[in-house]
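S.K.: The task is simple: from the sequences and hints, build the whole structure.
Protein chains in written order, with my numbering: chain X, 9 to 123; chain R, 271 to 776.
If you're looking for bench data, these hints aren't it; they were derived computationally from the structure. From a predicted model like this one, the values you see are computed outputs, not experimental measurements. In this text, a Cβ means the ideal position worked out from N, Cα and C, and glycines have one as well. Incorrect hints may have been included.
Just some of the chain R residues that point at chain X, by a computed CB distance under 10 Å [what the hints assert, rightly or not]:
| no. | residue |
| --- | --- |
| 1 | VAL405 |
| 2 | GLU408 |
| 3 | LEU411 |
| 4 | ALA416 |
| 5 | MET419 |
| 6 | GLY421 |
| 7 | LEU427 |
| 8 | LEU431 |
| 9 | ASN437 |
| 10 | LEU443 |
| 11 | ILE446 |
| 12 | LEU448 |
| 13 | ARG638 |
| 14 | ALA641 |
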Amino acid sequence: METLYAITVGTLTACSVYLILRARSFPIVIGLTMLSYAVNLFLFSTGRLVIDQVPIIGAGEHYTDPLPQALVLTAIVIGFAMTAYSIILAVRVRGEFGSDEVNEPNYQADKEDKR
Amino acid sequence: MLAQHLPILPLLIPLFAALLQLFPWGDNPQFYRRIIGLVSCSGLIVVSVILVLQADTATLVYAVGNWQAPYGIVLVVDRLAAMMVLLTALLALPVLVFGCYGEDNLGSHFHALFQFQLLGILGAFLTGDLFNLFVFFEVLLISSYALLMHGGGKKKLRATLHYVLLNLAGSALFLISLGVLYGITGTLNMADMALKVAALSGDDAAIARIGGLVLLIVFGLKAALLPLYFWLPQAYANTTGTVAALFAIMTKVGIYAIIRVFTLIFGADAGLAAGLGYDWLWWLGLATLAVGGLGVLGSRDLRLAIAYLVVISVGTMLTTFSMANERAISAVLYYLLHSTLVTGALFLLVDVIAEQRGKTASRIIKGRKLAQHGVLGLLFFVAAITVIGMPPLSGFVSKLFILEAARTGAQVALLWPLVLFSTFLGMIALSRAGSRMFWHTLPGKATDIRHAAGQLATIAVLLIGALVLTVLAEPISAFTNAIAADLSHPQRYIDAVLQLTGGSYE
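M.R.: In structure tokens:
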């Protein structure tokens, strides 16, 4: 189970890094979303992977660590808000500049200065 | 009764102020929002002064919801945290007053965002829990994303996009490092983690070191250390003066986090993880200094030049900090106070200058004479010699402390030339900018945009702060010496939080 889990997290991270390095805003947003999934899975695993146990000490033979679950929940909420904001921002940039390249080579500050 | 809850007041005040400001306040909402904001910032100053006085006698530990450390989240007010809170409050009030002269009308919800920003910054200073630090980082980042866009415009949009994407990646790294450290130590409380990290051995220690270094990358991104500083000049140069001035404290949050974590968790007592990252900080800090100096010299816009002065200050502080002796840490803290106030003043000043110059704005070229030529020239002169570090003001004193802190031959050989050379470059750049803007003006009538005396007074107040730092250099450096002694003996912090020898919380 640990191996499968590690491969999943690793693949997600690798794909997200590839997408982020594309330097176009939409792939980057998708990449960051995938990265946050990978991070959430990783955080979840830091309490050690346990199946079929309750997060209460003494309720069974073993217990699962409740803290990573709380952390992941917080991270999901924050990540969700961030994704929403970055999508809006990406849409605005696309509308204003007519391109979704993050570092558009033709973009120069002089355009505005000349006005 | 209230005294017991004092440590959480710096969070509750801006939080409730922001919530109140979000109410629809009838026909003239901005009036009420300004009042609430000003009351909140004044209240913060009062509370933080009391906190500094109390923290000087004993470290205050506040267990939120009365869940004791290491299980609950604690707020810890030691000398360092109290000083940072006071500094934030002292910066926030003049900046907000400046903003109330019309800049807050450029976009919606400026005031609420300002308070949320303060909430995030103060929370980051006060918390004693690493995951809670992440949450407050996010609070301050979310509001800074929106504040950067304040006023709108294409350049801001581009700078904000870069800033947001970079910081989202930074947040992901932050969570990864927290996961690594939690997985190894099983705790998120900083004091408890310090004890656990010190007891690690073998592979566990190696993994904890990796976690610590990832954490350094994250804090380096916030503090704008060399390979990660590229967001800063664009972001600071394109936003409005009030926001940039408030952001003067933002890089300091990163520096505070580095100082806190790398003295407490990865400090001298950390066993196999001791002294983690100090070599990196030394070399990257020096490189940041050099690049910042070149950036200042190469800037054709005054705002950009000041943004690069921020980069120089970051390099100076982190290099000095990495020397890891008590004098060095004390010098860093004194420099931090000075640099925050004076950069804040400069950003506000450039805003005024740019507005009065009209079309040429803040670009360093010949322009029309300013309407309030004399006052602005004087303010610029004072701010410039302070930020460069010429005698007699606080910049000089703080650079003296920093140079004095270098002890070994290698430290002196590298730190002195770089600090002095970047000072020299800054001097050239600012004197060029000053002479172009104030002396080589185009013949003819001065521009007719004038600024209210109150608005200029806020800049003067921040500069008077620098003057006070100079006059009271002795007691203030005594206080920063005490902080440095605390940081060099992390056991004091750990004892206070975990109540090993009985903290101040009953």
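S.K.: Does each hint hold? Answer for all of them.
M.R.: Results of checking the hints against the structure:
{"no.": "1", "hint": "VAL405", "in the structure": "7 Å, holds"}
{"no.": "2", "hint": "GLU408", "in the structure": "5 Å, holds"}
{"no.": "3", "hint": "LEU411", "in the structure": "8 Å, holds"}
{"no.": "4", "hint": "ALA416", "in the structure": "8 Å, holds"}
{"no.": "5", "hint": "MET419", "in the structure": "8 Å, holds"}
{"no.": "6", "hint": "GLY421", "in the structure": "14 Å, violated"}
{"no.": "7", "hint": "LEU427", "in the structure": "6 Å, holds"}
{"no.": "8", "hint": "LEU431", "in the structure": "5 Å, holds"}
{"no.": "9", "hint": "ASN437", "in the structure": "9 Å, holds"}
{"no.": "10", "hint": "LEU443", "in the structure": "9 Å, holds"}
{"no.": "11", "hint": "ILE446", "in the structure": "6 Å, holds"}
{"no.": "12", "hint": "LEU448", "in the structure": "7 Å, holds"}
{"no.": "13", "hint": "ARG638", "in the structure": "17 Å, violated"}
{"no.": "14", "hint": "ALA641", "in the structure": "23 Å, violated"}
Consistency with the previously given hints fails for numbers 6, 13, 14, ordered from lowest to highest.
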